[in-house]
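Trainee: Based on the sequences and whatever the hints tell you, model everything.
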Amino acid sequence: MKNKAKALNGIFSVILSILSLLYIFPVVMILFNSFKQENSITTDGAFTLPTAETFDGLTNYVNAIGAQGFLSSLGYSLFITISSVAAILLFCSMSAWYLARVKSWFSTMFYYLCVFSMVVPFQMVMYTLSATADKLKLNTPWNIWVIYLGFGAGLAVFMITGFMKSIPLEIEEAAMIDGCNPIRTFFSIVMPMLKPTLVSVGILEAMWVWNDYLLPTLVLDIKKYKTIPMLIQYFRGSYGRVEMGPMMASIMLTIIPIIIVYLLGQKHIIKGVAAGAVKG
Amino acid sequence: MEKALRKYGPLFVLPTFAAFLIGFVYPFFQGLYLSFCQFTTINNAKFIGLGNYLKVFQDTSFLDAFWFTALFSVVSILSINVFAFALALILTRDHLKGTNIFRTVFFMPNLIGGIVLGYIWQILINCILSLVGQPLLALNTKAGYWGLIILMCWQQIGYMMIIYIAGLQNVPEALTEAASIDGATSWQTLWKVKLPMVMPSITICVFLTLTNSFKLFDQNLALTAGEPAHATEMLALNIYQTFYARAGAQWKGLGQAKAVIFCILVIVISLIQFRATHSKEVQQ
Numbered sequence: 001m002k003n004k005a006k007a008l009n010g011i012f013s014v015i016l017s018i019l020s021l022l023y024i025f026p027v028v029m030i031l032f033n034s035f036k037q038e039n040s041i042t043t044d045g046a047f048t049l050p051t052a053e054t055f056d057g058l059t060n061y062v063n064a065i066g067a068q069g070f071l072s073s074l075g076y077s078l079f080i081t082i083s084s085v086a087a088i089l090l091f092c093s094m095s096a097w098y099l100a101r102v103k104s105w106f107s108t109m110f111y112y113l114c115v116f117s118m119v120v121p122f123q124m125v126m127y128t129l130s131a132t133a134d135k136l137k138l139n140t141p142w143n144i145w146v147i148y149l150g151f152g153a154g155l156a157v158f159m160i161t162g163f164m165k166s167i168p169l170e171i172e173e174a175a176m177i178d179g180c181n182p183i184r185t186f187f188s189i190v191m192p193m194l195k196p197t198l199v200s201v202g203i204l205e206a207m208w209v210w211n212d213y214l215l216p217t218l219v220l221d222i223k224k225y226k227t228i229p230m231l232i233q234y235f236r237g238s239y240g241r242v243e244m245g246p247m248m249a250s251i252m253l254t255i256i257p258i259i260i261v262y263l264l265g266q267k268h269i270i271k272g273v274a275a276g277a278v279k280g
Numbered sequence: 001m002e003k004a005l006r007k008y009g010p011l012f013v014l015p016t017f018a019a020f021l022i023g024f025v026y027p028f029f030q031g032l033y034l035s036f037c038q039f040t041t042i043n044n045a046k047f048i049g050l051g052n053y054l055k056v057f058q059d060t061s062f063l064d065a066f067w068f069t070a071l072f073s074v075v076s077i078l079s080i081n082v083f084a085f086a087l088a089l090i091l092t093r094d095h096l097k098g099t100n101i102f103r104t105v106f107f108m109p110n111l112i113g114g115i116v117l118g119y120i121w122q123i124l125i126n127c128i129l130s131l132v133g134q135p136l137l138a139l140n141t142k143a144g145y146w147g148l149i150i151l152m153c154w155q156q157i158g159y160m161m162i163i164y165i166a167g168l169q170n171v172p173e174a175l176t177e178a179a180s181i182d183g184a185t186s187w188q189t190l191w192k193v194k195l196p197m198v199m200p201s202i203t204i205c206v207f208l209t210l211t212n213s214f215k216l217f218d219q220n221l222a223l224t225a226g227e228p229a230h231a232t233e234m235l236a237l238n239i240y241q242t243f244y245a246r247a248g249a250q251w252k253g254l255g256q257a258k259a260v261i262f263c264i265l266v267i268v269i270s271l272i273q274f275r276a277t278h279s280k281e282v283q284q
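Chains as they are written, first to last, in the numbering used here: chain X, 1 to 280; chain Z, 1 to 284.
None of these hints come from the bench; they were simulated from the model. Glycine residues also receive a C-beta, built at the ideal position from the N, C-alpha and C atoms. Some clues are possibly wrong.
[Claimed, not checked] Output of the computed footprint for chain X on chain Z, the stretches with three or more beta carbons under 8 angstroms from beta carbons of chain X:
#, region
1, 106-112
2, 132-146
[As the list claims (entries may be wrong)] Over 12 angstroms on every C-beta distance to chain Z, these chain X residues come out as not near it, computed from the model:
#, residue
3, Y23
4, Q37
5, Q266
Mentor: Structure, rendered in structure tokens:
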């Protein structure tokens, strides 16, 4: 029995290793192509390694960063993601505390509206939302977080409220009796207890905002501001001929920071996703 | 305490609620209203009753997109969940080496956005197609369909696998041990003990893959953009094209009506799914 399990483990290890290589292959392929000369990047040659003649060093990267405005897109994406996630975590946890502790028709209504909003597809609101954002001048990278807070509130409020119901009321009550007002109670008692949930919610919302394409495309003025997904799409869409070299380099420049962040915070990210799903 | 918190209520709830009104509630109801109107901008909307809805059902591109989406969803939900569950089973085996590395690798594609994923796979699939002498994605419906499925599997299997692993780790060891003492084979243990115990994870994963597949947009736009001739266009992309790729007074109203139908469809399907799998969950 034991030997059989051991042998099976061996077979599985081999299968999983092959699968892992297949999983990484698409990214490695882009990496190799990003070092090729522009005219050596062909449709049927995507799998060939760069050779001495076709190797182009970092030229594509320099082009992508220089002429194609990669750095400003990176800046916009970073700012939008950080400001939106920060706003979502702060405001939604405050609301969630209120919804979990105060029973009223308003709490019930708001809670169910949040649940409802999670299922509604973006296409339902895309036209009216971008019109509303224009009217309220919420159409710059600096204040688009308001829109993200509104559209992302559903998931965040739902998840945090769910967790809030499982933490004991007594601690908060003790703090209030000792003379804390609700604001202080929230920030010094409730917020620290929420930390694991906030990490999960933060990761899920950050993955969404960072990779979101349609919402910023419709809300922002594409001539002035491009986030990274908008930039990649713009490469393909608006030129007659696609500059494949800088395009590959841009894809790599987009993926590398994500992989670094992922490898550093791998444990939290995987735990956060699992925990988020169990509560959701 | 409730009283004190009530007094501070506006401070705690108002920021989110105001943003929620701007970002969801108001656009939702305005969208609902506009689906009964003819308009090119919000300011010139003219109420025309059910006209848009009648036109939706004459629009064959919408019906085609619906069938394409449905067919895509069924196959992708099945394959993602079966593979993810199988991987989770293997990765929760005792004494298997390197589980952490495998987990990390399989989850990675999830962090890469749909647009970027779509282009990576477009380059890869086009290369394979040209090497075997087949028409490229822009002219090849079948390749577009399977390309989307492979792409979605690549992206989502890791995510669902993580959820299944969490579910499997929660199955009490006493149960599986009792089963093996009673002489159950590992196959029987899987079907009679493990599967019923991870039913909550299955509910979540099927729900997530279902809504993800039905609402798919970025990957569809980047991989095939609906080519050839709208044959690989899914519902979300069809609605987007109706809104933004056409000029003329009738299109935006039609697009909004399609969006309302799409929305109802997604809600109804997810409700049915949730009821169906939720009822199979067992109490621990």
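Trainee: For each hint, tell me whether it holds in the structure or not.
Mentor: Okay, the hints, checked on the actual structure:
no.	hint	in the structure
1	106-112	holds (count 7)
2	132-146	violated (count 1)
3	Y23	violated (5 angstroms)
4	Q37	holds (16 angstroms)
5	Q266	violated (6 angstroms)
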